[in-house]
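Asker: Protein chains in written order, with this note's numbering: chain G, 20 to 553; chain V, 20 to 553.
Calculated directly from the structure, the hints in this document are not laboratory data.
Where hints are given, some of them may not hold.
It does not matter which identical chain is used: a pair holds within one copy or between any two.
Computed list of lysine-lysine pairs in DSSO-like fashion (alpha-carbon distance at most 30 Å, straight line) [to be verified]:
no.: 1; residue 1: K308; residue 2: K159
no.: 2; residue 1: K534; residue 2: K160
no.: 3; residue 1: K74; residue 2: K227
no.: 4; residue 1: K277; residue 2: K227
no.: 5; residue 1: K227; residue 2: K160
no.: 6; residue 1: K534; residue 2: K476
no.: 7; residue 1: K476; residue 2: K308
no.: 8; residue 1: K476; residue 2: K159
Number of protein chains: 2
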Amino acid sequence: MSEKKVYVEEPLQEVLLEGRWQWSSGAATFRSHNASTGEPFCDEFPISTWADCDKALNAAQRAAVALRQVPPETTAFFLDLYADKLEENSTMLCNMACYETALWFTPRLALAELPRTADQLGQAAAAVRDGSWKMATIDKKLNIRSMLAPLGPVLIFGPNNFPFAFNAVSGGDFAAAIAAGNPVIAKAHPLHPITSINLASLAHDSAKVAGFPLEAVQMLYELSPADGLRMAGDPRLAAIAFTGSRAAGLALKAAAEKTGRLFYGEMSSVNPVVILPGAMDERREQISKEFVNSSLAGVGQFCTNPGLLLLPAGEPAEAFIAAVARGFQQDPPGVLFSAGVRDGLVNNVQAMVDAGAAVVTGGQAVEGPGNHFQNTLLRVSAQHFLSHADVLQREAFGNAALAVVAQSPQEMAAVLETLEGNLTGCIYSHTGGADDAAYDLLAPVLRQRVGRFLNDKMPTGVAVSPAMQHGGPYPAASHPHFTAVGIPASLRRFTRLDCYDNVRPHRLPEELRDKNPTGAMWRNVDGAWTQEDA
Amino acid sequence: MSEKKVYVEEPLQEVLLEGRWQWSSGAATFRSHNASTGEPFCDEFPISTWADCDKALNAAQRAAVALRQVPPETTAFFLDLYADKLEENSTMLCNMACYETALWFTPRLALAELPRTADQLGQAAAAVRDGSWKMATIDKKLNIRSMLAPLGPVLIFGPNNFPFAFNAVSGGDFAAAIAAGNPVIAKAHPLHPITSINLASLAHDSAKVAGFPLEAVQMLYELSPADGLRMAGDPRLAAIAFTGSRAAGLALKAAAEKTGRLFYGEMSSVNPVVILPGAMDERREQISKEFVNSSLAGVGQFCTNPGLLLLPAGEPAEAFIAAVARGFQQDPPGVLFSAGVRDGLVNNVQAMVDAGAAVVTGGQAVEGPGNHFQNTLLRVSAQHFLSHADVLQREAFGNAALAVVAQSPQEMAAVLETLEGNLTGCIYSHTGGADDAAYDLLAPVLRQRVGRFLNDKMPTGVAVSPAMQHGGPYPAASHPHFTAVGIPASLRRFTRLDCYDNVRPHRLPEELRDKNPTGAMWRNVDGAWTQEDA
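The shape of chain G in the complex, shown without the other chains (with noise of 0.2 Å):
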């Protein structure tokens, strides 16, 4: 286990800054609760103020100088060693996640949601060994050779959802940051910082065996807004990462590129499932199993949350509403993050019902201990939809989804039309060729409007892929050409394009020079990619 302590006697707990534990300059502190009971845990957190930021933006500076030195391999042994601790130590981490989210402590943190973060730093130290992500590019003739090279320092800001796959620091974005070369300053969740600050701990611990640079791993608990904008406008920032609502994304993006920072942000989404005649007639049955499944999962509490349903108007629907409405009734509300996501819920639901949806399920908060919300399935008519599509596709973080009942394929297309940019969007279709009239017309109106498309199947799992994109068209996500999810393709984020020219061959870094330093890498060689000396 972790040499730092949590659960001693002193309450107060250290931020991780300039490699090491100390106490933070902030003397406000927070706590953290037990989401299903409301409990205030005994740890106090600081709330640090600026002199903890100028510390963590120094550090940071010197660590991405450090970091150029740094081989590869120690990299990689970093990434690998903290994915072992966060193996060994699973049942402390889950149970605390579990504590401090109510998330389920199993399947959904001890089998799906660790191991999967183990397996994504896992990834990211065989992309660091194996270098291909650098994607270097030779030209023989013209002796000019580019390839991808670190950024530097990364501000990570990780959401409340995800305790340990998008924490800021174990998460993608944080094993994406440290893989490509930058240091990492890392803001946790206010919801789930014991849980972070045990991660942390371990990063902590990990870099120190693994002689990898400690200021490249920093983590502060809390700021207050003003200083959260501030830091995300700093220049010794390269790039700022988030995940989170779209409110808090877009005032940190403009902050971030008021000077010239770049903001990665993925900030919301209501990811449409379209079920088309033939797929209802077919499998009505099974779909409104998937779909109140993926619907509830983690409370619905997941970016890609399918919360906006399409559907033909006839029978078939109305037994499928009903099915997805038995469905939400017959599971018990699950635990929410908290009081905001509650009334989130409440607020998005209520200005849903204003602007003319009506209530099939669910719809009311439900009293404590913790937060909770009725499983809520809203409907409304396709017409209705297209006269007040900016409300009626507002995200309501949580377990509550909209279902839109179209009157042909035609106005179908034409709610698709109104959606803004999401990460993904799904289309059920009979197996046969029932539908393909229908999907030829709807595929190109959704698949432009999100970064993930998908056929017959749920949006919820995010594989972490090297095919994957997680992230989409503004304003699900700030910039579509880039994934927050899948390897070697998250890393790109944090990289800039370095150009030699006529840079003599033992100046040249490794990759960059004839021949291939692993022996193995892929390189880009006059035009064709291969593994050989070029």
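Here the structure of chain G is known, so what remains is to put chain V in place on it, guided by the hints.
Answerer: Below, chain V without anything else, positioned relative to chain G:
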């Protein structure tokens, strides 16, 4: 020759909107001038109002949809035809550009820039046929597949300094945006509208012959600043590409990013050139000639003009400075693009003098006809530079350079540490090992501050190589991952990453099916690059 006749009796010219030449909604007009004589040409060009912009944006949206159905061969044919027409009309085009810009007909326009522009369009055509730029990625086990896909309408602001190679309707941004499958709205530079209308006419005619969507190539000549900013933020656009001044670039960047548009800007650079003592001893004469040639090429009006020279103090540096001064004096000052460029030089040189730089030679505007400024060399000590680095590293666009004389390699490093992001940076060193220690000290510092890092070579040549980086850290460019020159890399700016998850095989884009669509497209299948079927 083109069907669009320029130089007919009617002096008022049309805009290219909605796939046809039409009268602008704007009543105000402007004319371009013979840059060498100051005489205006008779053609009058409209200053578009918002009605033109609105038409262009709607048409570009339609074109974006139409382009999705256009086979690669059609786009490639269009680009090749256009390249051919440039070559066929070289004399006419170079004559006009020569008049409007005062750049030399030969070698600059006819032997360098026009062939390069045609070659770039041809390389873009080849990239379209090849398709490897899409970086198709296939995860067979999970059946998740992704590729880079067109982004949507791109608004291109062309600069004053390359009437062909960076012209909004023929240059690198145009070639890249079109090759990646996007419609272009070109905002021509108002200093060379006659050149631009002739180019646009050739493009339009090529599109007609090739069957390429006519609305995919539109052009306006001039807008009010307010309409330019409004356009940059319009949600119908996907991206803005800009080459020009920092002030204009940053204003457009803010307007674009505020609404989630992507902004790709190239916005000023002083392109430091460092000469180490050993190189100074070894080949001072030769390097001074290279510097004079690079400095005065195109009257210094290059993005990559070497504006900052960093020299080791001593007799050799004095001799070097004297040699450059002689070179600057021997070459009569060239004609600048405009009074604006001259006035910018006057102001920037004055600001540097006010900040303590001494005039070695030049320093004054020269009486017309045509706008001239004396070839100007300033000098300052490194010590002084360090205390006025903000003013002294300001780009003085044109034929002026600042020599900074340092007492030691450490002082050189300190100077480099103060530099903002630049497009290029170069170190000249002894061909033996005499400068190795200084090189090892300075190279890492300079490397971090530039996109393209050179050895023993002036920066003004920007090859269209797959390994090029014409871009760099902010504020030289807006996003250091991307390059504005180099095919296929420059196409990536205008792409989004589209993922297909569990999509039925026959519904996948051809690029993502198991069978390689061309038999030669490079795709990443299960982590390995291959031209085989998946």
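Asker: Look at each hint and say if it fits the structure.
Answerer: Do the hints match the structure? See the list:
no. : hint           : result
1   : K308 with K159 : between (57 Å within a copy, 27 Å between copies)
2   : K534 with K160 : within (16 Å within a copy, 32 Å between copies)
3   : K74 with K227  : within (20 Å within a copy, 61 Å between copies)
4   : K277 with K227 : neither (36 Å within a copy, 42 Å between copies)
5   : K227 with K160 : neither (44 Å within a copy, 37 Å between copies)
6   : K534 with K476 : between (45 Å within a copy, 24 Å between copies)
7   : K476 with K308 : within (12 Å within a copy, 66 Å between copies)
8   : K476 with K159 : between (46 Å within a copy, 17 Å between copies)
In terms of the numbered hints stated before, the structure departs from hints 4 and 5, listed from lowest to highest.
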